[in-house]
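For the protein sequence lines, the chains are S and Y, in the order given.
Residue 1 is where the first sequence starts when you use our numbering, and the numbers rise one by one after that.
Residue 1001 is where the second sequence starts when you use our numbering, and the numbers rise one by one after that.
If you are wondering where the hints come from, they were derived from the structure by calculation, not from laboratory data.
Just so we're clear, the structure is a prediction, and the values are computed from it rather than from any experiment.
Ideal placement from N, C-alpha and C gives every residue a C-beta, glycine not left out.
A few of these clues could be false.
In silico contact screen, one side only, chain S against chain Y (beta carbon under 8 Å); selected entries [as the list claims (entries may be wrong)]:
(1) Pro335
(2) Arg353
(3) Glu358
What follows is a list of derived Cβ distance ranges for each label pair [to be verified]:
(4) S:Arg29 / Y:Met1014: 46 to 54 Å
(5) S:Val115 / Y:Met1001: 51 to 59 Å
(6) S:Ser100 / Y:Leu1146: 26 to 34 Å
(7) Y:Glu1008 / S:Asp395: 33 to 41 Å
(8) Y:Ile1145 / S:Val115: 36 to 44 Å
(9) S:Arg224 / Y:Met1014: 33 to 41 Å
(10) Y:Leu1031 / S:Ser100: 43 to 51 Å
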Amino acid sequence: MTSTPADLSASPTPRLALRGIVKQYPGCRANDGIDLVVMPGECHALLGENGAGKSTLVKIVAGVLQADEGEILWEGAPVRIGSPAAARTLGIGMVFQHFSLFDSMTVAENVALGVDWRGAMADLSRRVAEVSARYGLALDPARRVCDLSVGERQRVEIVRSLLQDPKLLIMDEPTSVLTPQEIESLFAVLRRLTAEGRSILYISHKLAEIRTLCERATVLRGGRVSGTCDPREETAASLARMMIGTDLAPPVRAAAPRVGEPRLVLDRLSLTSETPFSTALDAVSLTVSAGEIVGIAGVAGNGQAELLSALSGEALVAVPEAIRIDGVAAGHLGPRRRRALGMGFVPEERLGRGAVPEMSLADNVLLSAHRAAGMVRGGMIRFSRAKGFAERVIDAFHVAAAGPRAVARSLSGGNLQKFIVGREIMQNPRLLVVAQPTWGVDAGSAAAIHRDLIALADAGTAVLVVSQDLDELFAICDRIAVICQGRLSPSRPVRAATVEEIGLLMGGVFHLEETSHAS
Amino acid sequence: MRLEARLEPSRAMMVAAPLLAVAATLAAGGLLFAALGFDPLAALFTFFVSPLGDLTGVSEWLLKATPLALIAIGLALGFRGNVWNIGAEGQLTMGAVAAGGTALALYEASGFWVLPLVLTAGVLGGAAYAALPAVLRTRFHANEILTSLMLNYVAILVLAWLVHGPWRSPEGYNFPETRMFTDAALLPALIEGTRLHVGALFVPVVALVVWAVLSRSFLGFQIKVIGLTPAAGSYAGFSPNRVIWFSLLVGGGLAGLAGAMEVCGPIGQLVPSVSPGYGYTAIIAAFLGRSHPLGIVLAALLLALTYLGGDAAQIALAVPLAVIQVFQGMILFFLLAADVLIRYRVRFSARVQTGGTR
């Protein structure tokens, strides 16, 4: 079953070659004639923005989707990959961006489900232990998945793939949920895999990672290959140009914000967890003042969702004084009454929380802005006012949409996010809470949203940004705090913080923080 | 031939699907009659056209469409907000019980105020009975589909107990029925010489009001948001419990009104069965009418015709009365099938490229 590393790397033919792959979805050509060559022992980057066609392409390679046109050569021979099982038989393994693990089952049980194991569980546990020891992927086969950190869960997925002895391992955005330290140990594992002659197809839009890890890169833009290169010889800027097509103006934050009175005060905010798999908030304290942007960093699943629902009013807090908006105790108030106090809120899910997919933009304005501009009088809606408000948002925030009657679902992710951020800003909030402002948003829209948030803070609004994207937080925030396992670190000025420091905090090392402060 | 997902749900198909379903029902009904040995066209004519041949027929048609439309409009309000009240039959029955009880209590009274009081009692009876699933849903998260459905049987048993027991008519020769209501409690005829009563006039009024609530009011907007995307509703701060209460109370109230109008109209007393399944048929009317008041009125007219057609077919063709349920079932069946075309289109082209079978 185990072929020696020498066998794997001896072959001179490409491990995988794609020729002219086309995949057509209704209204969208996701892959438009893509060529790609991955050599044995190579770590090959597949680079591109959201919507460039990366995920579609790797799903075709992994047998999840079928190409409409084009040819797949596996070690020189044309193949048809009709199903994920066929891909596994060839030696193609995939680690998905979103883990497919059962929370309430143990590591070994999850692996058994993934590899269709029919032998004794004890044998499997031994194999899991062997593989994890060989690659330095520390894992206890008997632990339950719900008790594992995100990094450990990813290891389960990787071990599951490695048990099948793959010759090509596809990694879809593997670092998006990891701390910097976890990323380092992942990279060590990946380097060991390529040294054995295995190939890795590494999907990412993080340029720095690709430059440290990969020897070759294929860049996708709008479903086509916009270039291939050696990322180590490129700069982050030149890669970005290939990916996006234009240079971007980075957001500029005024040197020192004019900070006014506190607009949001969290005073030992605690929230018990409602399900076994959610995180309880433990005495979270934070102040956000007029004119400043405060960021909350952290690895997903550390209490961000709970904190955000406590802030928005969707979850009520037992102690009203734990949340004060503009000096008013608001922990017991629902979302509408918090909005009346001047709070705006941009949720993480654009479609399905921030907007109703089937409704028009004008109707979606009513969702949060119904008290603005006299849109509702005597219980009846004044549609012309809602439509006018939507038109003003579309104009002011450069939303590419057919008009206020366009349904929310018809907008691209970036344009819908611009609309939602714009809808909140147009209500002149005294405090704006934004979750993942540019997650899954194209680079052009992301830059526009960052500029809008900075302009809002400069105009005197208090802005709180909760994000997993450290680059984003460092670009726009004045102060930054880290949430880990429901606890919030003290905030520190961005200028005084380093990525390493924040990374340690994201891993829960609050103690160092305190000692370094004391010194 | 294969189905391909549409980019956008088709608005044309939203309207066309019910028409397709009706056409398919007619075709399948024709086949059914042919299989039974009848000339299909003549049988369909007997079923759908002959009942409307005279004034009596038309008035009976409108008489049966009235409760269907009232109930279905109320149910549609809930369906828009993801509140699935399947208990209209029970709410109708309890409305009839409350109205009948009031009419019997006012047996000695006469005056213009008796009838409004009796009808109001019907509305309150239906609404109160719909409050049970509302409490169970909002307090205990019990699914309203199950609770409201099961309460139907309870209501019918309560009515049976009353007419067999305490409310049985003293001069009724032991038949399980109450006294006939006095004229003060009966709905006046709309057209002299027919059974069609003034209650039919409620239909356009209720349809208009519910239309305004659904499409123009902020409350209707909240119902739609919570029905389409509950998470967006909670983001906006709309209360799902308010929507559950509102739609169950309104739906129950309208079903109760329909029940009151049955016993104060064509029936004139309480009997063990006050409805030939209007509460269930109204669910089909709400679906067929796309939960839109105008569509529901048209759907109610069509479904009312199946009741008349069933009677006519029983007399002229000697087929069992179950043919009514057969036609109603086919309409719903074909409608649900045709609704696939709202989100998918049919492609007849054979696939030439490689790709594989799924």
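Each hint tested on the structure:
Interface hint status for S:Pro335: upheld, as the beta-carbon distance to the closest one in chain Y is roughly 3 Å, under 8 Å. Among the interface hints, the one on S:Arg353 holds; its C-beta lies about 4 Å from the nearest C-beta in chain Y, closer than the 8 Å criterion. Checking S:Glu358 against chain Y: minimum C-beta separation of about 5 Å stays under 8 Å; hint holds. Checked against the hint of 46 to 54 Å, the pair S:Arg29 and Y:Met1014 fails, with Cβ atoms roughly 28 Å apart.
A beta carbon spacing of about 38 Å between S:Val115 and Y:Met1001 contradicts the range 51 to 59 Å that was offered as a hint. Taking 26 to 34 Å as the suggested C-beta distance range, the pair S:Ser100 and Y:Leu1146 conforms, at roughly 33 Å. As the Cβ distance of Y:Glu1008 to S:Asp395 is approximately 24 Å, the hint placing it in 33 to 41 Å is violated. Roughly 41 Å separates the CB atoms of Y:Ile1145 and S:Val115, a value that falls within the hinted 36 to 44 Å.
As the Cβ distance of S:Arg224 to Y:Met1014 is approximately 37 Å, the hint placing it in 33 to 41 Å holds. Hint check: Y:Leu1031 to S:Ser100, Cβ distance near 47 Å, so the stated range 43 to 51 Å holds.
Consistency note: the structure conflicts with the earlier hints numbered 4, 5, 7.
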